[in-house]
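Asks: I would like the entire structure built from these sequences, with the hints used as guidance.
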Amino acid sequence: MKTLNRTLAMFLAASSIALAVPMTVHADPMIGGMDGCRGSQGMRGEPDGLPRMFRNLNLSTSQEAKIAELRKQDAVLMAEKLKVMRDTRVQLHELLKGETYDDTKVKALTEQGALAMAEMGQLRARQHYQTMQILTPEQRKEFDTQRERMISRWEQKRQGRPSS
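If you read the sequence shown in this note's numbering, its first letter stands for residue 49, the second for the next number, and so on.
Hints are computed from structural coordinates only; laboratory data are not their basis.
Bear in mind the structure is a predicted one, so any value in this text is a computation, not a measurement.
Hints may be right or wrong, so weigh each one.
Below, in silico cross-link-like pairs of lysine-lysine (DSSO-like), each with a Cα-Cα straight-line distance of 27 Å or less [as the list claims (entries may be wrong)]: (1) Lys153 with Lys131; (2) Lys205 with Lys189; (3) Lys131 with Lys120; (4) Lys155 with Lys145; (5) Lys145 with Lys131; (6) Lys153 with Lys189; (7) Lys205 with Lys114; (8) Lys189 with Lys120.
Okay, the calculated beta carbon distance ranges per label pair [to be verified]: (9) Asn104 with Lys153: 42 to 52 Å; (10) Met180 with Glu142: 39 to 49 Å; (11) Arg103 with Ala173: 20 to 30 Å; (12) Gln207 with Glu147: 18 to 28 Å; (13) Glu147 with Ala173: 39 to 49 Å; (14) Arg103 with Thr152: 45 to 55 Å; (15) Gln181 with Thr148: 49 to 59 Å; (16) Arg195 with Ala123: 20 to 30 Å; (17) Gln207 with Arg174: 25 to 35 Å; (18) Glu142 with Arg103: 35 to 45 Å.
Here a beta-carbon is modelled for each residue, glycine too, at the ideal position from N, C-alpha and C.
Replies: Below, the structure is given as structure tokens:
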């Protein structure tokens, strides 16, 4: 059931993005690189190859190595998907600055960007599943606890702000 819900959520997210990209590209076009990646780490990741949430799990050296290897194995493919997403946004932005509006090109660009985003979501979901299999049951429980605290902090920061 969780897999069905997760798959449905990913599909809905990709569909929503495909519909929203034409409106949001004008608001934040990300021209010139990674302007959309804000915060101290942005999209760079952690220097040791481990996500921040894994630092307090008392991972063994073997677990750290396995998790870092999982992240490395898909890094090139994820970078390619990110580049496609960024390039389609830039192309769409340039298209919208033109004198005429071309429905066919806009549709093609938004679908291409949404497909890349959906594929990246699938890569992340698989990577997350494989990573969770490396953890012990106690570490998974601690990870879930940390995740809930993170979500709670995020929701508190967003109080009073619109969701999009």
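Asks: Would you mind marking each hint as holding or not holding in the structure?
Replies: The hints, checked one at a time:
1. Lys153 with Lys131: Distance of about 19 Å is within 27 Å: holds.
2. Lys205 with Lys189: holds, 25 Å
3. Lys131 with Lys120: Holds - the C-alpha atoms of Lys120 and Lys131 are around 17 Å apart, at most 27 Å.
4. Lys155 with Lys145: holds, 16 Å
5. Lys145 with Lys131: Judged against 27 Å, a Cα distance of about 21 Å means the pair holds.
6. Lys153 with Lys189: Distance ~47 Å between Lys153 and Lys189 Cα, so the pair is violated.
7. Lys205 with Lys114: violated, 34 Å
8. Lys189 with Lys120: Judged against 27 Å, a Cα distance of about 25 Å means the pair holds.
9. Asn104 with Lys153: 42 to 52 Å: Check passed, 48 Å falls within 42 to 52 Å.
10. Met180 with Glu142: 39 to 49 Å: holds, 41 Å
11. Arg103 with Ala173: 20 to 30 Å: holds, 22 Å
12. Gln207 with Glu147: 18 to 28 Å: This hint is violated: roughly 43 Å between Cβ atoms.
13. Glu147 with Ala173: 39 to 49 Å: holds, 42 Å
14. Arg103 with Thr152: 45 to 55 Å: holds, 48 Å
15. Gln181 with Thr148: 49 to 59 Å: holds, 52 Å
16. Arg195 with Ala123: 20 to 30 Å: At 22 Å between Cβs, range holds.
17. Gln207 with Arg174: 25 to 35 Å: holds, 33 Å
18. Glu142 with Arg103: 35 to 45 Å: Holds, since Glu142 and Arg103 (Cβ atoms, about 41 Å apart) stay within the stated range.
In summary, the structure is inconsistent with hints 6, 7, 12 from the numbered list given earlier, while agreeing with the others.
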